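The sequence shown runs 1140 to 1188 under the working numbering.
Check each hint, because a few of them may be wrong.
As the list claims (entries may be wrong) - What follows is a set of in silico ranges between Cβ atoms, one per label pair, in the way DEER data are often shown:
1) Gly-1185 <-> Val-1149: 29 to 35 Å
2) Gly-1185 <-> Ala-1152: 15 to 21 Å
3) Arg-1154 <-> Lys-1177: 27 to 33 Å
4) Asn-1150 <-> Lys-1177: 18 to 24 Å
To be verified - Pairs of lysine to any residue residues, derived as SDA-like cross-links and limited to a Cα-Cα distance of at most 20 Å, are as follows:
5) Lys-1177 <-> Ala-1152
6) Lys-1177 <-> Phe-1167
7) Lys-1159 <-> Val-1149
8) Lys-1177 <-> Ala-1166
9) Lys-1159 <-> Gln-1170
10) Lys-1159 <-> Ala-1171
11) Lys-1159 <-> Asn-1173
12) Lys-1176 <-> Ala-1166
13) Lys-1176 <-> Glu-1157
14) Lys-1177 <-> Val-1149
15) Lys-1159 <-> Leu-1172
16) Lys-1176 <-> Arg-1154
17) Lys-1159 <-> Lys-1177
18) Lys-1177 <-> Gly-1162
Please keep in mind that the hints were generated in silico from the structure rather than gathered at the bench. These numbers were taken from a predicted model, which means no experiment stands behind them. For each residue, glycine too, the CB sits at the ideal point set by N, CA and C.
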Amino acid sequence: MKLPTQAQNVNRANRVAEAKASGVNPAFWGQALNLLKKAGQGALSGVLS
1140 MKLPTQAQNV NRANRVAEAK ASGVNPAFWG QALNLLKKAG QGALSGVLS
């Protein structure tokens, strides 16, 4: 059984491209986004400072 993964692959490729463009490790980028989801804008300030 094959699952439709094209959209996910495109999404992932875009996120990796954005992370590379901003000079951030994709894994770290994912963690930062997760922190934003959990704690909001304050988390991003804490990560960047």
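Task: Numbers of the earlier hints that this structure fails to satisfy, in rising order - done: Failing hints, ascending: 2, 3, 5, 14, 17 and 18.
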